[in-house]
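Asker: Just so you know, the protein sequences line up as chains A and B, in that order. First residue of the first sequence? That's 1 in our numbering, and the numbers climb one at a time after it. First residue of the second sequence? That's 1 in our numbering, and the numbers climb one at a time after it.
Simulated from the structure, these hints should not be mistaken for laboratory data. Every residue gets a Cβ at the ideal spot worked out from N, C-alpha and C, and that includes glycine. The reader is advised that the hints may include incorrect statements.
What the hints assert, rightly or not - Not everything, but these chain A residues come out facing chain B in the computed CB check (under 8 Å): (1) V320; (2) G348; (3) N352.
2 protein chains.
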Amino acid sequence: MPNRTITVPKGFIAAGLHCGVKQSGKPDLALLYCPGGAKAAAVFTTNAIQAAPVTLCREHAQNNPVYAVVINSGNANACTGKKGLAAAKVMCGKVGKELQIDAEKVLVASTGIIGHQLPITKITAGITAAAESLSNSQTAGQNFAKAIMTTDTRAKQAAEIIDIAGKTITLAATAKGAGMIGPNMATTICVVTTDVAISKPLLNKAFKNAIGVSLNRLTVDGHQSTNDTAILLASGLAENKTIKKQDAAYRRFAAALTNVCTDLAKQMVLDAEGATRMFKVVVKGAAKKEDALKAARAVADYDLVKCAVHGADPNWGRIVAAVGSCGVTLDCAMLCVKIGDIFVFRNGKPTNFDAKQVSRIIAKKEHTITVNLNAGKYQDFCYGCDLSREYVHINADYHT
Amino acid sequence: MPNRTITVPKGFIAAGLHCGVKQSGKPDLALLYCPGGAKAAAVFTTNAIQAAPVTLCREHAQNNPVYAVVINSGNANACTGKKGLAAAKVMCGKVGKELQIDAEKVLVASTGIIGHQLPITKITAGITAAAESLSNSQTAGQNFAKAIMTTDTRAKQAAEIIDIAGKTITLAATAKGAGMIGPNMATTICVVTTDVAISKPLLNKAFKNAIGVSLNRLTVDGHQSTNDTAILLASGLAENKTIKKQDAAYRRFAAALTNVCTDLAKQMVLDAEGATRMFKVVVKGAAKKEDALKAARAVADYDLVKCAVHGADPNWGRIVAAVGSCGVTLDCAMLCVKIGDIFVFRNGKPTNFDAKQVSRIIAKKEHTITVNLNAGKYQDFCYGCDLSREYVHINADYHT
Chain A
1 MPNRTITVPK GFIAAGLHCG VKQSGKPDLA LLYCPGGAKA AAVFTTNAIQ
51 AAPVTLCREH AQNNPVYAVV INSGNANACT GKKGLAAAKV MCGKVGKELQ
101 IDAEKVLVAS TGIIGHQLPI TKITAGITAA AESLSNSQTA GQNFAKAIMT
151 TDTRAKQAAE IIDIAGKTIT LAATAKGAGM IGPNMATTIC VVTTDVAISK
201 PLLNKAFKNA IGVSLNRLTV DGHQSTNDTA ILLASGLAEN KTIKKQDAAY
251 RRFAAALTNV CTDLAKQMVL DAEGATRMFK VVVKGAAKKE DALKAARAVA
301 DYDLVKCAVH GADPNWGRIV AAVGSCGVTL DCAMLCVKIG DIFVFRNGKP
351 TNFDAKQVSR IIAKKEHTIT VNLNAGKYQD FCYGCDLSRE YVHINADYHT
Chain B
1 MPNRTITVPK GFIAAGLHCG VKQSGKPDLA LLYCPGGAKA AAVFTTNAIQ
51 AAPVTLCREH AQNNPVYAVV INSGNANACT GKKGLAAAKV MCGKVGKELQ
101 IDAEKVLVAS TGIIGHQLPI TKITAGITAA AESLSNSQTA GQNFAKAIMT
151 TDTRAKQAAE IIDIAGKTIT LAATAKGAGM IGPNMATTIC VVTTDVAISK
201 PLLNKAFKNA IGVSLNRLTV DGHQSTNDTA ILLASGLAEN KTIKKQDAAY
251 RRFAAALTNV CTDLAKQMVL DAEGATRMFK VVVKGAAKKE DALKAARAVA
301 DYDLVKCAVH GADPNWGRIV AAVGSCGVTL DCAMLCVKIG DIFVFRNGKP
351 TNFDAKQVSR IIAKKEHTIT VNLNAGKYQD FCYGCDLSRE YVHINADYHT
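Isolated chain A (complex conformation) (with noise of 0.2 Å):
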């Protein structure tokens, strides 16, 4: 199996073990160590209401270089109040004090159930022990991956390998993430590491658009977490002459930056709660801008399209009554629908496909749905999956 951990990149050593948030035994504390120090970007939730540690990460990225992030599942320290900022700090200034770093330098997030107070003595007992194991091996890295789960059943990671310049620009992320994800946020938990040399400004506007693209382009239920953070962190290791300006160099970076996030973004909507495939929508001739990704996401988001495609039912009238209620400027007679690269709607009237063409089609493991609206020049696109019973059994039988 090929390395694709957080650890390949030049710089970082991490580990990741039960600690005991998590009833089930399993990894619940993962720790990220950049001994050398690291620039940091990050993008959080925009949900009002925001969890302790995201309070806090949100302070603590500002600095630089940070040196290390924290991390446990199995509890989001969300709506718990100064109890709960106080326990994110305690974290920090654990970790702070078993790798002789700045507490503030430290950046933490949490996932998990909602309302409960951290276990913080066995996380602090638990941090103690992630630094004792901290390593660069592969074994580290998936340890990680795999204490960041929550309902994930597997980890994800993706990574990429460039050259700039002759020097060798390795990249590597990790993320979790099933229910609960929605657009218009950095989505659930995910870390992201690269040995990269760059300046910060470069470094955070580089992950904002790759983020912008991958992880808010993707829809499970629509709705976004109080916990969504991504942090990437970049160690400047691989001796490349440090990205100061939007050249070449930067665009090959942002370029395999974008990739590693998409991938990810794909392994999570997979992966979604009861999900068994997943579905692109790309939506052109927007008149606005925000006609196209309003429309790509008002069916990517439309449970009765999610059933169609669990079906593998080519039920268009589900897609054109989702684009058609969802406010963007539209004239029927013009409106396009193809599934794969087939027609079923065309010019405001359906076409006559060969409906067990298109089911096998969509019975894939991934498929288009492309809407032209024929009113503009604009185009978006999302990332959804299908709803299936599992879904509801996940949800209806997981008690608080």
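We have chain A; now place chain B onto it with these hints.
Answerer: Just chain B now, kept in the frame of chain A:
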């Protein structure tokens, strides 16, 4: 069984039968006739994609008086182009011919599958048979109610009798609607009859207001169809002094109209595809009027809340996440949530509530979730239903 059919108010006769649109042999053609003529009010879908009968009915509803309403189920006559519009005109024309009235004074609606041309020969033959069987009997009214059903499991009817200055005024209503029910629209097909004497402007006003707080406050899957139509006919035969201003008589009639529409709305949400229970979301203390409705709809539409209701799970975290991510003015430290009469979240933190007790409240046929934003003085509400495996089954396995 009390008679709540639309033939109860004076001046209406109806019929419902199977003409062959539905392959199941179930009733699929409904006809309502008001020989003395009626004032009409109507509300339609705001979906940009509108079915042919919606286009035609919108025109015809301007006429005064109108005499009849013809509705077929099993085929929506939507996305059917000019041929579809011609078919809707044929339906009105045929009714006009059979009943010796102007085709322009016939209202029309269709509901069912999208994108197929109507089997118009079957429908015109059905209109002839329906015209012959028109009656004011309870059976005739029941047949009308059954003939507009699609995936509904039962006919929905409501009636109200009021007294205005010694005169008995009767209102009766029927509606269909199971999936694809969203707010911002007249929701599905709804027909209301009354014998009140009232001016057309006040009839319009009362109907718009009644729909606004009933069918427009209802969400099953957040989307509106291409065919949603609500029609109100007033025969004026109750012999009350014609209501011409917003006086006590108007208010009494308007309240009764709101009652029958709300009764139908609740029947619809309880018969939503796969629904086992309903809930009302009340949002108080909003900084803006729009915020209150936006937050109520966000909670009622959120799949994770709907799944939690299905599982009778007091999952306040999902309610809070929905409110937090919908974009309303909000301070988490002021936010309160009640399920029934029990606070589950108060001033930004979960309370120490009895989970079993709250679970029993949710497990009832109907319960109320109250969210207090404590940010202002505005209040609004929305009705929703749970999300079940059965919803997925119905909508994944019902093929186009």
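Asker: Hints first: check each against the structure and report whether it holds.
Answerer: Hints, one by one, checked against the model:
1. V320: Constraint on V320(A) satisfied, holds at 6 Å.
2. G348: holds, 6 Å
3. N352: violated, 11 Å
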